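S.K.: Top line first, the protein sequences correspond to chains A and B.
Note that the numbering used here has the first sequence beginning at 48, numbered continuously upward.
Note that the numbering used here has the second sequence beginning at 15, numbered continuously upward.
Not one of these hints is a red herring.
According to the in silico footprint, chain B covers these stretches of chain A (three or more CB under 8 Å from chain B):
hint	region
1	64-74
2	86-92
A few chain A positions that, by computed beta-carbon distances, are all more than 10 Å from chain B:
hint	residue
3	K49
4	N50
5	I54
6	T55
7	R56
8	K58
9	T59
10	S60
11	L99
12	K101
13	D104
14	L106
Just so you know, the hints here were simulated from the structure itself, not pulled from any lab data.
None of the values given here were measured: they were computed from a predicted structure.
The beta-carbon is built from N, C-alpha and C at its ideal position, and this holds for glycine as well.
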Amino acid sequence: MKNNVKITRIKTSMTQQQLAKKTGVTRQTIGLIEKGEYNPTLQLCIAIAKELDKTLDELFWEVEE
Amino acid sequence: MKSWISFLMPEDEYKEKKMLYFLAEGGVLLFLFLVIMIISSNFISLDTGVILLAGIAIFLFYTLGRYILSGIEHTDIATEKEYKRALRALKSRTASFVVVFGIGYLIYKITSDQASWYDFFGMVISVGVLSFLLDFISLKRSYKKNKELL
Chain A
48 MKNNVKITRI KTSMTQQQLA KKTGVTRQTI GLIEKGEYNP TLQLCIAIAK ELDKTLDELF
108 WEVEE
Chain B
15 MKSWISFLMP EDEYKEKKML YFLAEGGVLL FLFLVIMIIS SNFISLDTGV ILLAGIAIFL
75 FYTLGRYILS GIEHTDIATE KEYKRALRAL KSRTASFVVV FGIGYLIYKI TSDQASWYDF
135 FGMVISVGVL SFLLDFISLK RSYKKNKELL
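Take the sequences, apply the hints, and build the full model.
M.R.: Take a look at the structure:
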């Protein structure tokens, strides 16, 4: 699933490790989500959105261009 | 989700999901193996002990093999520096394990009155090499996987 987690995380100057620690998962899981290789649970999506100060729409909603 | 197996599962949801898949696949393989053995037992005589041991071995080797090859054990090893540090830790961990295992096995050998140095060194070296190899493959696979995710 395509998402904006990586770009948003980089904009907030947060490392994968920091985001992982704050959301209670491993760095590998954050990396997989950013690459679109793992679809997180809604609970984890919300935790990531809260840490990055974004809405679920802004992070995970696909917009056709 | 509540389940009695939750206490065996890791906190991380991706790792948990993968492990559940490996255990389920192992369970299905074990089931198929047992079905084949029940059918075969009508035609050939089978040693129950061997079959039960083979079933346990199939489940253990499959789930352990999948876990090691999946690269999900060392989730935070992504840079060369971290990899080298983890490799050093792995070597010292293996050395400690070999020493503890060696002492335990030596005591067992002495008390069971079957002392043979060839057996002793053969077993300790085999266990040490196997333990190192399994950990090393897992570390290498994890590093490779994590490096691609940076």
